[in-house]
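There are 2 protein chains.
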Amino acid sequence: MTITLYTLRGADPACTFSPHCWKAVMALKHKGLDFEERPLRFTDIARTEGGFSKTVPMLRDDGHLVSDSFAIAEYLEETYPEHPSLFGGDGGRALSRFVEAWSQSVIHPAISRIAVHEIWELLDPEDQPYFRESRETRLGNTLEGMAANSPAEVAAFDARLEPLRALVKRQPFLGGEEPLFADYIVFGALQWLRIVSTRWPLAPEDGVTAWFERCLDLFEETGRKVRARAG
Amino acid sequence: MTITLYTLRGADPACTFSPHCWKAVMALKHKGLDFEERPLRFTDIARTEGGFSKTVPMLRDDGHLVSDSFAIAEYLEETYPEHPSLFGGDGGRALSRFVEAWSQSVIHPAISRIAVHEIWELLDPEDQPYFRESRETRLGNTLEGMAANSPAEVAAFDARLEPLRALVKRQPFLGGEEPLFADYIVFGALQWLRIVSTRWPLAPEDGVTAWFERCLDLFEETGRKVRARAG
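Protein chains in written order, with full-length UniProt numbering: chain A, 1 to 231; chain B, 1 to 231.
So that you can see chain A by itself, here it is in the shape it has in the complex (with noise of 0.2 Å):
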């Protein structure tokens, strides 16, 4: 009953930068569950377990496969109702998908903008191109016209923050003494860009930091075995 979970990685296997994957592994962390995590290229994982999901993070307990962070999160509440809640009750489920919401609708396009040249570089080659095309699509620019804005989009990044700054001088956490998943969905947001950015934007004094340093100190510290390029 080994639990395995399917994160991505660059060209360095050990380089496991995906925001949803890092959700997952806190959440499994909190849970107190083992598991083994076998971190894929992108072009690996239509080939993995019989092309059941076009995306990582994929969960596999006992025979169940579960993919997207949230919905694995969900499958480990119910799951397993003793081991401690993610959300704190479905008042803390459901506000947990505004939390979400906020991180994919403010944070990524953010991140994504920052730091979209650098992710293609820790890639492995046969990753690349894929990432290039789909990501310059997206983005109606080259990889090398998003670096150049870059230092422009670090200056905006501060204020994007604002709601969590005001928050956290109030709580230690999203979730208020403890942390819940709500901290993990916008910690696997700031993850990502610390293990694939050389550009940090946040002030060592800002409030935010020091939550995300309260983060990164979880469960012995698992957000910091990974090597980051923010250091």
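The hints are simulated quantities; they were obtained by calculation from the structure and are not laboratory data.
Values in this document were obtained by computation on a predicted structure and should not be read as measured data.
One copy or two, either will do: identical chains are not told apart, so a pair holds if it fits within one copy or between any two.
Below, a list of computed lysine to any residue pairs in the SDA-like style, where the Cα atoms sit at most 20 Å apart:
no., residue 1, residue 2
1, 169, 205
2, 54, 42
3, 31, 68
4, 29, 77
5, 31, 89
6, 169, 210
7, 169, 109
8, 169, 97
9, 169, 105
10, 169, 74
11, 31, 90
12, 169, 90
13, 29, 79
14, 169, 68
15, 169, 104
16, 169, 108
17, 29, 3
For this one, chain A is given, so just place chain B on it according to the hints.
What follows is chain B alone, placed relative to chain A:
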């Protein structure tokens, strides 16, 4: 054991426009509690209930006084646990603070920039000097200067709601299938804008508009019973 809710009014006692007071009204309705609303002018607050609070909403319940909309919601949740929950558990309570932080750091400042001159127009003459002075200091501009910038702020408003727009594609309320206090936090902001401003910035076909209409429908259309400049 009558519950009294002190709210804010304009020159017209029926013009109860404060976003924070609307949160408290909706929280009381959600709990199914009878209450008497007593609208005050800004300059009445300090001489009400012995100057207990400098701000409204302020709740008096059987000798207890509570001010601040979130504190009122927490008081109601603890005092009336057998009534419908405002948070849906501890996780929902914690994450409602993130919704509050988002609303107050992203939505409220934008509404102030759109409508501060129109709010001033609605106030009782006794309140107007205090309001002008405090808002001009806070905003670093005259009310008339803010009014001149208002169309640009209206044009930028739509994009600020993107996280809520993404969410309501997935579920009818922030609270999930049914509303929670988190919905009233954001409803209060848009209800404020609807009441004070002729400049309604959202398209009829916008998913946020549909969500707002669902909120206006709640509790026998409580939110529609106030006169609104946006119609």
